[in-house]
Every structure is written in structure tokens, then in C-alpha cells.
Amino acid sequence: MSVIAEETKPLLLSVDGVTVDFDGFKAIDNFSMTLEAGELRILIGPNGAGKSTLCDTIIGRVQAASGKVRFRGHEISGLPEYEIVRRGICRKFQTPGVVPSLSVRDNLALAARRDRRWWRGLGLAVPADERARVEEILEIVGLADRADVLAGELAHGEKQWIEIGMVVATGAELLLLDEPTAGMGPNETARTAQLIHSLVGRHTVLVIDHDMTFVEALGGKVTVMHQGKFLRQGTVEQIRNDPEVAAVYLGRSDH
Amino acid sequence: MLDLPLLIGQVFNGFSVASLVVLAALGLALSFGLMRVINMAHGEMLMLGGYLAYLTFLVVPGPLALLVAMPVAFVGAAAVGAVIEVSVIHRLSSRPLDTLLATWGTSLILQQGARDVFGPIGVSVTAPDWLNHSFAIASGPLAGLSLPATRLFILLVAVVVLAALGLFIAKSRIGLLVRAVNQDRMMAAASGINVRQVDLAVFCLGSGIAGLAGVVLALLGPVTPSVGQSYIVPAFLVVILGGLGSMVGTTIAALILGLVSALSQIFLDVSMSQVLVLVFVIVFLQFRPQGVIAVRSRALEE
Amino acid sequence: MKQATGLLTGALLATAAFSVGAHAEGTVKVGVLQSLSGTMAISEVTVKNAEMMAIDEINAAGGVMGKKIVPVVEDGASDPAIFAQKATKLIQDDKVATVFGGWTSASRKAMLPVFQRTKNLLWYPVQFEGNECSPNIMYSGAQPNQQIVPSLKWAEKAGYKKYFLIGSDYVFPRTANLILKKHIAKDGLKTVGEQYVPLGGTDFSAVIAKIQAAKPDIIFNTLNGDSNVSFFKQMAAAGMSPEKLPVMSFSIGEQEAQAMGTKLVQDSFAGWNYFESLPGAANKKFVADYQAKFGKNAAITDPMVHGYLDVYAWKAAVEKAKSFNPDKVRAAAVGLKIASPMGDVHFAQNQSLVQTAYVGKLQPDGQFKIEWKSDGAIQPDPYDPVAFPNKSCKLH
Amino acid sequence: MTQTPFLSRLWIPVVLLAIAAPWLISGYELSLLGRFLAMSILAIGLMLVWGEAGILTLGQGVFFGLGGYALAIHMKLAGLEPGSLPDFMEWSGITALPWWWVPFKSPVLATLMVVVVPGVFAGFFSWLVFRRRVVGVYFALITQALALSFATLLVSQQGATGGFNGLTNFQTLYGFDLNAARAPVVLYWVTLALVVVCFAGVRWLIRSRFGMLLRATRDGENRVRFLGYDTTPYKVVAFTLAAMLAGIGGALFTLHAGVISPALVGVVPSIEMVVWVAVGGRGSLWGAVIGTLAVNFAKDEISSYLPGAWLYVLGLVFILVVGFLPRGIMGLAEDLTRRSARKPQPQPVEAPQ
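Protein chains in written order, with numbering that gives the first Met the number 0: chain L, 0 to 254; chain U, 0 to 301; chain Y, 0 to 395; chain G, 0 to 352.
Simulated from the structure, these hints should not be mistaken for laboratory data. Treat each hint with caution, since some may be false.
On the chain U side, residues computed to face chain G include the following (Cβ under 10 Å) [to be verified]:
1. Leu91
2. Ile108
3. Met271
Just so you know, even glycine gets a beta-carbon here, dropped at the ideal spot from N, CA and C.
Here chain L stands alone, though its shape is the one from the complex:
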């Protein structure tokens, strides 16, 4: 059953009847979902529900056994991952994926580069526009003072923010943030929520998480996944009070 989107806003992403099968184990089972441009969507579900696998499928890291993934109307299911990123989707991994041996600025410059063909990179200088974008991102994530530190030496929270910065620096329209607050303290989590809010609108953001306090801080529409299947979709309030979600996910049903 695929949800036909009636909304008038242009459809950015449509996941249509996707199934992903690891030697018989259906990590994702005929799952469908749509995203509109500029939206903030949160994907929640218990561990092993298939949230990360869905991200892998969208970004092209895992090939779907069946079903289609369309971005701005074009099918992207079969494309290699770097092709999908160039079209405007970028993903942040659960474990921070900064390049440890490069400085924060170099990591961002790496992400900010538009013309990635190898002979373009032979010059020593970084083009002015990319340098400007790097400075801008440093401001957004608030790590301008740490720009020349090796990424490997950053604190855990800072690595997460730098990686969000890198995802933004690629100029991607759709940002997939996989548990961006993993391992963060309360005020860091709050600051991350504020950072994500500043990105919504110019970008479409799909956040994957299971920390309900963070989900509530974000607000926005929530989709619930369970054992690879689509369970429920609605506002944070609707989801909090939905008995089926509570039974499956929160493990208790309060009134």
C-alpha cells in the first residue's frame, strides 16, 4: 500500500514500497514514505526497526530488493552513492565520520567543493566562494575558534556538529541526520535541536532518533517504524498518545 500524497507542495522524496532483505531477514518490509521540500521529519522506532537501513537505502549504500526511491521525481535506487549525494542528498552517520588526519577547516573544505573532478584539484589555492561557505558554516555550527584543530582531536559533541556542518556544506537539499545527539549532554542536545531548526526551510531535514525528549524539542511531523514496516505518522502529540505506538515502542501505555 503506497500512500498517495495529495498535498500541493512539491514532493521532494518518495520512498515507494521498498523492501530490503539480508539473506531472508527483511530489514525493511514494503515501506513507503514521502517528504515535502523544506519539511522537518523525524523517523522514530525501537532499535532494529530499520531506521538506519532506510537511510542506507536512500543514500544508495544498500540496494533495495524491491520498490523505488524517487528524489525530485527522478528514480535514484540504482545509482552509486556519490551520484546520489551530487543530486542533493547527504547523510550524517551514527558514528562521527570526520576525517581525523585533516583539520576542521579542511574537512569542511572537502565537503564544500563543488567541482570534484581530480584535475580541478591540482591547484594549491581554495576558490574564494568555497572558502566563504566554509567560514559561514563554521559560524552556523559555532566552531570558528576550533577551525585549525585536527578533527581527530575534537570532543565527541564537536565532531557531531562538524559533521552536520559538512553535510550542510555539500549544499545538499535533503539532510539525513542519523542520531545526531548520540552521546551528547542535555545542553548540547538542546543546542543541536536549535541548530537543526536553523537549517529547516532552506533544507529538508530527516532526523532519525529514538530519544523522545529530543524528538519533542524538535517538534515537526513524526513517522514511526516497527520491524521494517510503516506503523503510524502524525504530529509529536498524536504519536505520544497513540496506544499502538506506546505498546510497541514505549513499552507502557500511560492513560
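Position chains U, Y and G relative to chain L; hints supplied.
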């Protein structure tokens, strides 16, 4: 001139070469599947097996010396394997490429050691008489085809080792641990498996099998300090073709390469068929980069 | 911290000048250049021993023209580039009067330009494929017409009609087989097969299948080193041991037979210009002296004897020419009679050794029984008249 | 590898000493130094592909050989009177010059081939393997099999390649007599000049964004792909450049040694090339050059005095350097001369393949 006995003979030779290479490659595939590490000194375990067979033949007279030599070589090679694992491989297991170089250094030392102890000339290990004949087919379409008993014996040993290894991995307690670590090293460690000991056990098992293979190879080839080098590159190609350290994949890959080599030698000379085998592997990888058997490891390769 | 930077500049010019001594008055330096490591160490270490023994004997008997011979031993490490490198060192740095050594054709070819440029003299002890005629090398090893062709003549006389040629895939076997095929065809016989296996190759399954299909009367074997072990073991496994299917080998001497286990190669034939079992007092004394020095079951091979007699030939030539100058020495060496364990031999005009060819059959005790002897010493010819008709070697 | 100020100013005295070498050391040592400097060009390429891009290749001997044979074929043809054949062809039963030998007659084309042939071959081979995302240990083993097959092929095609003897006995190159007294010194300076040019070229490449991308691919290839980069062309270009440098090294070596043969391009020499860079320091260009000189001079010394010992030494060097000194001599020098408190230098951890 494609007469049938020559063709069937070559198919048999393909199986025979495959049985030799699979015995050499099994140990490599085991330790590679588990620790993502390639032991360049694996060829010297074969050499060690040959020398241990030579020593056993000196001590144990009579036709049964061969059967005594096999366990002796297994234990001897396993012990040396343990020493290498603890001293060199374990320290570097997080850096697979560096391990490859360090174990190459180990192989040079083992070769020169054998040259100093047993002399550069190599030692003589002759097959017992009960092996020195062949089953010739005199009449019918396959007239002229003869199957040497030694090669049949080696095929038998390969089949027995594969079966025993399969049972060991599938049924035994350690086998369970090996499969767990093989599938998801971090998860296995998290659930209390002593990954260190499993690595060591598997490495010894792999080296032991190579020692056993050394005895069997001594029936058909020389026992000299550099004998390991002539078997190691084909064994590597089998591991690459076989896919991520899977036993079944390695066996199938050994069969494929054995047949490609044997059948191509009908038309080409040995040198050209050796080049053809490499080209075959590179072309094969164009279609199945993950190798014959794609062991879907849950450990996300980040 | 100074040492670290010192280390850096030092490493770039790591050229601590070693002792570059010219001849101390009472001595003369000679080079001994063999592979003491690597795959060829098997065969070359014993040749070095024979050459050193000859030097010690000469020194004990008063040296050459009153000077004591000082050998400078270098390791060619089975690598042609290193042979060329060490030859340059011996001549330029150590200022040796002459050099004894080399084994594989590759090492000789690599050293050839060095000796021609420096006008020095190399004494080369090993049988080889011929087709070379350099003024700066004394070829004591047999030319093809002194080893390969006589053995074929013996085989033809013994009545073998169909020949199967198998060899390691390098220069000597390929050229030797080229010569053999031409002679076999000229004499109206048949070559029923020709197979090559890479050096160090161990899989003979396909080759044996082709031998079984071709059903030859005799196999002419120019395999080298380890491959002989695999070949004979796999032939035995296929029920074709030497007494069933005769094999004539050119790279199996007493030492290789001993290493492979004599039972494996028993009754196979070998064509050489020397066997340890040669009669004659000189040979008996040489074998006894060598075994006294290097172990009683040490096997004595053809190249070892040539290495040994090369040193005596050089001494005799120096004393005849009254000079250590290489050009004078090689001119004096030609035609000069030299007493050796092979009997009296001398170098021909083309600086190759005139010597008798023998065919031996391997006995259970690891010695070769002499089956056949060429009638008298054979004049060496680097260019086989049948295979390479229009070429000849004029040196003096 | 960031250079401390002290080390970075050190290259001036070293290059001056190198230029003055013909007057400082004996003829034999100069020929050794020249030969090892030629080999260091290969090491510079190996440092680029292994140190920077994290691609371990055990087959550089192949490209070293292709460059060497390209020039050797030209020199064999240059020394021939028209219409006759090289000596080894006659006694290999060859009657006419193989068709692919003919283009090597022209000096310009042959010199180009020294770089083009290894480059094209390396480019095609690495593209075939990298595009299917075969990396790390798998790739290293395939390159080793490539080295074995190339050496076997060279030996088996004796009629066209000189077989196991290889090609030797060269008289002239570009009209110059190779046996002239002045020849070794001129050859030494040409080699030194090429080393400096290649060194500077690769240093510039490493400093460029291309180099930064290579280091990022080494430390996190997946990460780089998810930033929109197709890493395959970067790795293929790095591998091809290293092969071209190996070709130059091979051609120069052939001039110094006077011989190029399969024994110099097989499995063992190719791995020894890796130890040069490992000993010197895979993260530094200086390391590649110094490592090559140190290991080869040691080999020449040790094998003269203790022939049997060299393999023990080489084996131990492999284990100790890789195990305890992953950043080689230069890494050590780096740490020793660093004035300020030692900043924790991140170990070159390889992402598990």
C-alpha cells in the same frame, strides 16, 4: 587432437591441483575471514610441514611413516603458527597492510633459518611404495588414461580435511565462537567471547592445516627452503576469488582455478597458463567483486 | 640531537670508504664471485669451495710468481644486477687481477659488459648455451657440442628413435633444445614433444599427460634445481620411473641426485664432462682432498672441477706470460696444457676448454657409472654448425 | 607529515653534497649512489600511492621493468647495424624483428614509452580493479600476482625479451657512448636532476587539494564517497603516476646497472621496494629517498661480509620498522628534533577494509 583421455586426464589434474591449493589456502582463508589479516609466512608453514615429514621419515621406518608424519606436521606447524600470531600478528591486527609486510619479514627469516638448519639443497622425502603406482585404464574410450595413486591420496586428504573442518566449525563449541566472531567481531566481544583466544585458536588451526598440506605436497614436490613461495601466490588468488574468508567459497575458487590452469595447459605452456589464471581472476572480479561466496557480514564495514 | 641530523646527511652519502688497497707487494688479489644466498646458492657454494681449495693449495706450494694469492669473495645473491655490481667492485675497488665465478647465463651476460669495459678476465666454470665469444671470458664450462650433441650421438647409437624435450623455461634449455631439434631432424629421428615449465615450477600434471600421449623412447631433460624433484616424483607417481622410461638429464650432478634421494633418479642418465667416478689418480686425490675439507659425503660435480682447474689454468698462464695483465694471461692460456682431475686439458683458440664428453648412469650408491665416452677430447664450438651455420668465433 | 622548521631547511646542504658527490667518493660508490638514486624515484612514487593514498602495491617491479625494458630495447636497436638482429634473437631461433620492437628505434618515441607504457598499463589495470571497489589486502595480493605473472611472461617470451637473461650489453644512447670515461658522472647528474624534479613534482601534488583528497581517501574512503566524491579516478591517477615514476626509475637503473632482467621485476624485488619506503618513512618524501639509500647501501655492505645474514636482517627490518617504527627514520627524526612538547601525532590508523 582433443582425444578424450587427455581431456579427462586434465580434468582429474584440475581436481588434483585444486586439492593441493585448497589445502594451502584454507589456513589463509580462516585467519583472513576472522581477523582480516593475511599471513605472508603461511607458505613457510607448508615448508615446515615438509621438513617435519622428512624428520619423521628418518625416525619412523616403514610405509606408515607418512601417516605418522601428518599429525606431527599438523602440531608442529600449529605451534610455530602460535608463536607468529602472538609475536607479530596480534600486535598489528588493527593494521592489515602492515601485518602483511611484517609477516613477509617473518617468512624471510623462516626461509633462511631452514636454509641454515637443513642446508640450501633441500631434503628428500620419497612417497611410500604403496603410493607409487597408478590406476591405468587399458581399454574402452578412456584407454591410456592413468590416475596416479599419490594424487588420489591427496584428493582424499583434502576431502577429509574439508569435511572435518566443516564439522568442526558447524558443530563444535569453538566452531560456534569462530562463526560469531567471523560475523560480527565487536558484537562477539561485547557478548563475552574472548576474541583474542579465538583468533589464536583459528590461527593455529590454519597453520596446522598448512603443515599437513606440507607433508602431502612433499610427495609430489621438493622440500627446500623456498618451496613455500611457489604455492603461496596461487593460494592468495584462491582466497581473493573465494570471497571474504568463507570455507565453501575458498573450495569452489580452488576448483575453478585448478580447472582453468589444468585445461588451459592443454593448449598453452605452463607459463602462459599461469598468466591466464591471473587474468581470469581480474575479469571474474569485474562481475563479482565480493568473490564466489558473498558472506553477508552484519558488521557494517564503515 | 646532532646525531639525528648527522644520521640524515650520513645516510645520503653512506659511503664510508672501505679499505681500497692496491696490491701489497707480496700478494696478488683475485675475485671469487658466486651466489652464496638466494635460489642459486644450492649449486654455487660448492663451486666457491673448490675455487678456494685450489687457491689454498697454490699458496701452500709457494703462490704465483712468488706472490701469495689473496681471494676476495663476493656474493652474487642469485641476482644478475648484483653480479654486475660486485664484478665492478672487485675490479675497480679491490683491483683484482682476475675473477673466478658466475653460474647462470643471466649472471654471465650481466657481467660481460663490465669485463669488456675494464679489460679484465672472467673464468666461467659452468656448461652453457654457447653463442657467445668474448675475449674477456675463459669458458671452461662445456659448449653444447661438448655435452648436448655427444649425448644425442650416444642416444642414437643406443637405438632411441622418438625424443621428448622438457626443460625449465630459461635460456640454456630453450637454446639447447633448439640445437637438439635441428640435429634430431638432420639424423632422420623424431622430436615428439617439447615442454617448458617456469623456473621453480612444481605442477607437472599436464606435462606428464603429454609425455604419456606422445610415448617417447627417451626424455632429454634440461630442468633446473627444484623442478627436477617435482618432475621425477610426479613421473614416479604416474608409474614412469627412469628404468621404465629412460631420461637423459643435463642439470643433475652427484649433488642434485643426493639431494633428491638417489632412489628417485636411479638408472637415469646424465651427460657431463666430469664424473666423481672418473678413473685416474688426479681425480682420486682431488675427491679425497675436497671431502677431507668439506665433509666425507660431499658430492663433487662438473662445475666444481672446472672452478678448481680454472685457478690452476690462470696460474699456469700467468707464469707463462710472466705478467698478471689479463690480455697477456689469456693469450698465454690458449693451448697451454693443464693437469686437472679430468686429465690433461687445454683451452682452444676460442678460449673454450677442449674436453672429453661422458654419459653416466646413476647407480644406487649415488655415483654415475660411465656408460660411454667420446672418442678423444672434443674441440669446443660456441656456434653449433647445424643450428647456427654461418657463425664462428675467432679470438686469437 | 608536517616538517619541523629544522628539518625543512636541511635539504639545502644535502642537495649541495649530492651535487659534489663525484669528487667526494670513489667511482664504484658513485655508481652505487647513482643506481640507488634512480631507485629512489620509484620510492617517491610508492610513497605517493602508499603513504598518501593508503594503497599498498606489491607490484611496482612490473612498472620498473616496463620502463627499463622500453629503454633497453631502444639501446639494443641503437647498437645494431641495419638489417641484423640482436644476438639473443638469433640463438632463440627468431628470424625477423618482432613488430612491436620497431617503434622503439626512434629515440624520442622510446623515451616517451619509458613513461607512457607503464602509465597506460597501470591506469588500465588499476581502473579495472578499483572501479569494482577491490581495496586493501585484496589489492596488494593481486599486484603481487601481477608481478609474478609479468616476470614469468618475460622469461617465457625469450625470443622477444631476452628471457631469463634479460637485456644487457648496451653501447650507446642518444649517440653518447655509454662506455666513455665521463659517462658515469654525466649519468649520475642526470639521475640527480630527475630525482629533484620528481621530488618537487610529487611534493607539489601532495600539497594540492588532490593530495588532501588522497589522504582523506586513505583515512576514510566511505566518508569521502558520502561527500559526493567518486574516489576511483583519484586512486587510478595516483597509481598511474606512481607507475610512471617507477618507469623512469627502471630506465635510469638499466643505464646504471647495464642490465634489466626478470630477476629485477618479480615478487621479491617488488616487496623490497616497499621496505625502502617503510624504513625511510611512508609519510615523508625524504623518507622514501633516504630509506632507499639506507636499505640498499646496507644490503651491499652486509652481503659482502655476511652473505647468509642479509635475509635475517631484511626480515627483522620488516618486522621492527612496521611494528615499532611505523613512521620510519623520518618519523623518528621528526620526534627527536621537535623542540616543543610532542603533540600527539595521530597514528596512520587504516580504516578496516
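To see whether the hints hold, each was checked on the structure:
For U:Leu91, the suggested interface contact is upheld, since its CB lies about 6 Å from the closest CB of chain G, less than 10 Å. At its closest, the beta carbon of U:Ile108 sits 4 Å from a beta carbon of chain G; the interface hint therefore holds under the 10 Å criterion. Evaluation of the U:Met271 hint against chain G yields a held restraint, the C-beta minimum of about 7 Å falling below 10 Å.
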